[in-house]
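Enquirer: Below are the chains, spelled out letter by letter.
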Amino acid sequence: MGAQGNILFSGVGGQGILLASEIMAYALLAAGYDVKKSEVHGMAQRGGSVTAQLRYGDKVYSPLIEPGRADIQMAFEMMEAVRYLPYLHKDSTVIVNTQKILPPSVATGKATYPEDVLDHITALGIKVVMVDAFDLAREVGEVRTANVVMVGAISAFLPMASSVYEEIIAARVPKKFKDVNLKAFAAGRKVSQA
Amino acid sequence: MAAIGDDLVWMSGNEAIALAAYEAGVKVASGYPGTPSTEILENLSTYEGVYTEWAPNEKVGLEVGLGASFAGVRALVTMKHVGLNVAADPLFTASYTGVRGGLVIIVADDPEMHSSQNEQDSRNYAFAAKLPMLEPSDPSEVGALLKEAFALSEQLDTPVLFRTTTRVAHVKSVVKKGEKIDSPVIPGIEKMPAKFVMLPGNARVRRVAVGERMAKLKELAETADFNRVEPGSGKRGFITSGVSYLYVKEVFPDAKVLKLGMCWPLPEKMIRAFASEVDELIVVEELDPFLELHIKAMGIACHGKDLIPDQGELNPAIVRKSLDPASIAQLFAPVPLPMRPPNMCAGCPHRGIFYNLSRLKVFVSGDIGCYTLGFLPPLSAMDSCVCMGASVGIAHGMAKALGAEAKGKIVSVIGDSTFMHTGLSGLINTVYNGSNSLLIILDNRITAMTGQQDNPASGSNIKGEAANAIDLEALCRAVGVKQVDVVNPHDINGCRKVLEKALERDEASVVIARAPCVLLPEMKKAKHIPFSTRLADCTGCMACIRLGCPAISWNPLTPEEALAKGYKEKQKGFALINEVQCNGCGQCQALCKFDAIVRQEA
Ligand SMILES: Cc1ncc(C[n+]2csc(CCOP(=O)(O)OP(=O)(O)O)c2C)c(N)n1
Ligand code: SF4
Ligand code: SF4
Numbered sequence: 002m003g004a005q006g007n008i009l010f011s012g013v014g015g016q017g018i019l020l021a022s023e024i025m026a027y028a029l030l031a032a033g034y035d036v037k038k039s040e041v042h043g044m045a046q047r048g049g050s051v052t053a054q055l056r057y058g059d060k061v062y063s064p065l066i067e068p069g070r071a072d073i074q075m076a077f078e079m080m081e082a083v084r085y086l087p088y089l090h091k092d093s094t095v096i097v098n099t100q101k102i103l104p105p106s107v108a109t110g111k112a113t114y115p116e117d118v119l120d121h122i123t124a125l126g127i128k129v130v131m132v133d134a135f136d137l138a139r140e141v142g143e144v145r146t147a148n149v150v151m152v153g154a155i156s157a158f159l160p161m162a163s164s165v166y167e168e169i170i171a172a173r174v175p176k177k178f179k180d181v182n183l184k185a186f187a188a189g190r191k192v193s194q195a
Numbered sequence: 035m036a037a038i039g040d041d042l043v044w045m046s047g048n049e050a051i052a053l054a055a056y057e058a059g060v061k062v063a064s065g066y067p068g069t070p071s072t073e074i075l076e077n078l079s080t081y082e083g084v085y086t087e088w089a090p091n092e093k094v095g096l097e098v099g100l101g102a103s104f105a106g107v108r109a110l111v112t113m114k115h116v117g118l119n120v121a122a123d124p125l126f127t128a129s130y131t132g133v134r135g136g137l138v139i140i141v142a143d144d145p146e147m148h149s150s151q152n153e154q155d156s157r158n159y160a161f162a163a164k165l166p167m168l169e170p171s172d173p174s175e176v177g178a179l180l181k182e183a184f185a186l187s188e189q190l191d192t193p194v195l196f197r198t199t200t201r202v203a204h205v206k207s208v209v210k211k212g213e214k215i216d217s218p219v220i221p222g223i224e225k226m227p228a229k230f231v232m233l234p235g236n237a238r239v240r241r242v243a244v245g246e247r248m249a250k251l252k253e254l255a256e257t258a259d260f261n262r263v264e265p266g267s268g269k270r271g272f273i274t275s276g277v278s279y280l281y282v283k284e285v286f287p288d289a290k291v292l293k294l295g296m297c298w299p300l301p302e303k304m305i306r307a308f309a310s311e312v313d314e315l316i317v318v319e320e321l322d323p324f325l326e327l328h329i330k331a332m333g334i335a336c337h338g339k340d341l342i343p344d345q346g347e348l349n350p351a352i353v354r355k356s357l358d359p360a361s362i363a364q365l366f367a368p369v370p371l372p373m374r375p376p377n378m379c380a381g382c383p384h385r386g387i388f389y390n391l392s393r394l395k396v397f398v399s400g401d402i403g404c405y406t407l408g409f410l411p412p413l414s415a416m417d418s419c420v421c422m423g424a425s426v427g428i429a430h431g432m433a434k435a436l437g438a439e440a441k442g443k444i445v446s447v448i449g450d451s452t453f454m455h456t457g458l459s460g461l462i463n464t465v466y467n468g469s470n471s472l473l474i475i476l477d478n479r480i481t482a483m484t485g486q487q488d489n490p491a492s493g494s495n496i497k498g499e500a501a502n503a504i505d506l507e508a509l510c511r512a513v514g515v516k517q518v519d520v521v522n523p524h525d526i527n528g529c530r531k532v533l534e535k536a537l538e539r540d541e542a543s544v545v546i547a548r549a550p551c552v553l554l555p556e557m558k559k560a561k562h563i564p565f566s567t568r569l570a571d572c573t574g575c576m577a578c579i580r581l582g583c584p585a586i587s588w589n590p591l592t593p594e595e596a597l598a599k600g601y602k603e604k605q606k607g608f609a610l611i612n613e614v615q616c617n618g619c620g621q622c623q624a625l626c627k628f629d630a631i632v633r634q635e636a
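Order-wise, the sequence lines are chains A and B. Numbering follows the working numbering, with no gaps: position 57 of the first sequence is 58. Numbering follows the working numbering, with no gaps: position 517 of the second sequence is 551.
Source of the hints: derived by calculation from the structure; they are not laboratory data. Some hints here could point you the wrong way.
[Said to hold, decoys possible] Quick list of in silico lysine-lysine cross-link-like pairs, DSS-like style, CA-CA up to 27 Å: (1) B:K395 / A:K111; (2) A:K184 / B:K559; (3) B:K211 / B:K497; (4) B:K561 / A:K176; (5) B:K211 / A:K60; (6) A:K91 / B:K355; (7) A:K179 / B:K229; (8) A:K60 / B:K355; (9) A:K111 / B:K604; (10) B:K561 / A:K179; (11) B:K229 / A:K60; (12) B:K606 / A:K111; (13) B:K599 / A:K101; (14) B:K558 / A:K176; (15) A:K111 / B:K559; (16) A:K101 / A:K184; (17) B:K559 / A:K177; (18) A:K60 / B:K559; (19) A:K111 / B:K627; (20) B:K558 / A:K184; (21) A:K60 / B:K210; (22) A:K101 / B:K606; (23) A:K111 / B:K602; (24) A:K177 / B:K561; (25) B:K497 / A:K176; (26) B:K434 / B:K535; (27) A:K177 / B:K558; (28) B:K269 / A:K60; (29) B:K558 / A:K101; (30) B:K303 / B:K225; (31) B:K558 / A:K179; (32) A:K176 / B:K355.
Produce the complete structure using the sequences and hints provided.
Expert: Here it is, written out as structure tokens:
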């Protein structure tokens, strides 16, 4: 212990960010940290840009992460990885799901999806881990486990053992989806360890 | 909520309020949904031994709570900040009647307007209504403070306001479970006319009692546990409350802090003593200069809104920048990107109506709910939106102002829950005072925007059990609307005909657009047969794109790509339906003149 950290989750309403951030919170609690998490509910969840903020340490006061102080960003969509760039610092790690979800202006032909959007992050020398979470989820047999694939990917950057996450996942998902979620977790973890 | 220890749980502020209300022996809880307060009643409804309900609006919710209190049980009422405007009438006089059983009113403010039409600081209500207000900083503080609120309510014969903000309500932290306690008050009917019947003669006597009560509360504030001085180093001292306290501790962990768990009334002696011990007194608070003004009124010099913004949410970075600008680190610059605003779901019934409205040359007097998203492009079919229920009165006012010129040009749109909330009285006015504006009730069977809560028209109660359902057609007819049409909003062409006809009428009329929200559990379970685009037939006319359904995307083509795909060279692109996202509503099919959108074989 003694360590502290800030994890920023970003993505699009409906992508399962809340579940992923819950699993992470429980894992950090199991490791003995003080943890706080901040979420925004309501209107933004209808397909809008959403974030969750998770902070851990010996004692956490603020539930909000300060710009420039997110150590890990877990982005569920590529453009949503870049939107929160001011929250990162040069030693941050960005774990990004390589999915593209078109915002309304792009889907209706009024704007274009920025090409090679992740270059904005790599150009600053920030470490980016790309995870094809959607494909990996499909390979393990359930596309809806993409968020658990992402949990697997981030787990490699934190001190907790796999078993900690596995126990939490098993407790939180319906029994018949337990095995597929555990496989999703393992698949994600492998990406970061490669 | 999952146990992380024997009596330690990981919970949001709202879950913690529900737990604490249960532990405090609350017997009746009422309220109306509103971000960020909604999950309190949703959670409380799962506890044994507490009666919970969704009221049609916050005024009724508070009256129900007051009634339960008169009957001698502990009662909780929940709402968002703007809900307290609606409940303000009973609030100000409940301050005079006082209580029998403890009565606590939770009001959840939304600084930054994450999900609200304005930004209000509810602390002003505590001052104006002469009521105590308690304010936790995070979920871990909720339990003890809410129990204290009930005790104060009964000891000092007062309703108690309990304020949260988004960053308390929707923050999760570790919470300690507490003892279950009971109110010493004995339930039953007790006639106390001098206290409960607020005629002028009685009210004048109670007014004096209110003054005495506030004086006692002020005294109590000097010694209560929830107001505390945290010693520290340095010449600066901070006075703060709510989540702002955490931002101060984050940025200045070693500073002297006076933390107020009760933001009204204020402990004057304590503040004076604290001020005399520091060289510089700084008040850190979100939104209005509430503490600051009252501290300055005591004749105590302090900094506050001269340094800290009075708009939007605070956060540690803002506190740091305001008070210690040198410590701000250089940040990476933001990258300009297409915005990602929220959008109605694929297959949302509201979209069909707004598509039609976008084609009609009318002023759309809108209201609040998921359907407010009809304002955004490409539909862009809402011309005003003020507060819940306002659509109807505004349309009538415009119709009266413009007379014959307004005929067929003014439409109000309101959701079923919003109509039940405060829309009905507007419709009564429209009928009574005679204008020909058309009201469209978007009956998606639920209060969708706040996360699918039941309402008086939906046929079930907060626990999902069957309940009496208000018959909207009969209700509109009963108040005197002669023409009430019911349409299926997914039937775009059928709807257009009904709307055009309704706009021609010379009297008030109502169209009820009825189809369930796609996020209702029964809709999620149902098998939808998706539509798909027959790409060879798509001419790139963009007719379907103008619906703005998130399942349909526009795919631009260069002339070479168009040719390669077998299209005419000048075809600019094609539309594609994402079959996983499509909910099979069929709205887009009605718009395609080339039969390029087809329902898949079952
Ligand atoms: C006085 C007040 N109370 C609560 C809210 C929060 N709120 C806004 S719209 C809404 C209900 C919307 O339900 P409905 O009218 O049925 O429309 P839907 O979202 O289902 O389309 C609520 C609870 C508010 N803005 N103002
Ligand atoms: S939640 Fe329901 S009402 Fe709201 S946008 Fe989605 S389908 Fe429409
Ligand atoms: S049928 Fe068309 S409009 Fe309806 S959900 Fe599917 S793609 Fe969207």
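Enquirer: A separate judgement is required for each hint: does it hold in the structure or not?
Expert: Right, here's what the structure says about each hint:
no.: 1; hint: B:K395 / A:K111; result: holds, 23 Å
no.: 2; hint: A:K184 / B:K559; result: holds, 26 Å
no.: 3; hint: B:K211 / B:K497; result: holds, 24 Å
no.: 4; hint: B:K561 / A:K176; result: holds, 23 Å
no.: 5; hint: B:K211 / A:K60; result: holds, 20 Å
no.: 6; hint: A:K91 / B:K355; result: holds, 21 Å
no.: 7; hint: A:K179 / B:K229; result: violated, 59 Å
no.: 8; hint: A:K60 / B:K355; result: holds, 23 Å
no.: 9; hint: A:K111 / B:K604; result: holds, 18 Å
no.: 10; hint: B:K561 / A:K179; result: holds, 24 Å
no.: 11; hint: B:K229 / A:K60; result: violated, 48 Å
no.: 12; hint: B:K606 / A:K111; result: holds, 13 Å
no.: 13; hint: B:K599 / A:K101; result: holds, 23 Å
no.: 14; hint: B:K558 / A:K176; result: holds, 20 Å
no.: 15; hint: A:K111 / B:K559; result: violated, 34 Å
no.: 16; hint: A:K101 / A:K184; result: holds, 24 Å
no.: 17; hint: B:K559 / A:K177; result: holds, 17 Å
no.: 18; hint: A:K60 / B:K559; result: violated, 43 Å
no.: 19; hint: A:K111 / B:K627; result: holds, 22 Å
no.: 20; hint: B:K558 / A:K184; result: holds, 26 Å
no.: 21; hint: A:K60 / B:K210; result: holds, 16 Å
no.: 22; hint: A:K101 / B:K606; result: holds, 22 Å
no.: 23; hint: A:K111 / B:K602; result: holds, 22 Å
no.: 24; hint: A:K177 / B:K561; result: holds, 21 Å
no.: 25; hint: B:K497 / A:K176; result: holds, 25 Å
no.: 26; hint: B:K434 / B:K535; result: holds, 21 Å
no.: 27; hint: A:K177 / B:K558; result: holds, 19 Å
no.: 28; hint: B:K269 / A:K60; result: holds, 25 Å
no.: 29; hint: B:K558 / A:K101; result: holds, 24 Å
no.: 30; hint: B:K303 / B:K225; result: violated, 39 Å
no.: 31; hint: B:K558 / A:K179; result: holds, 22 Å
no.: 32; hint: A:K176 / B:K355; result: violated, 49 Å
Hint check: violations occur at hints 7, 11, 15, 18, 30, 32; the rest are consistent with the structure.
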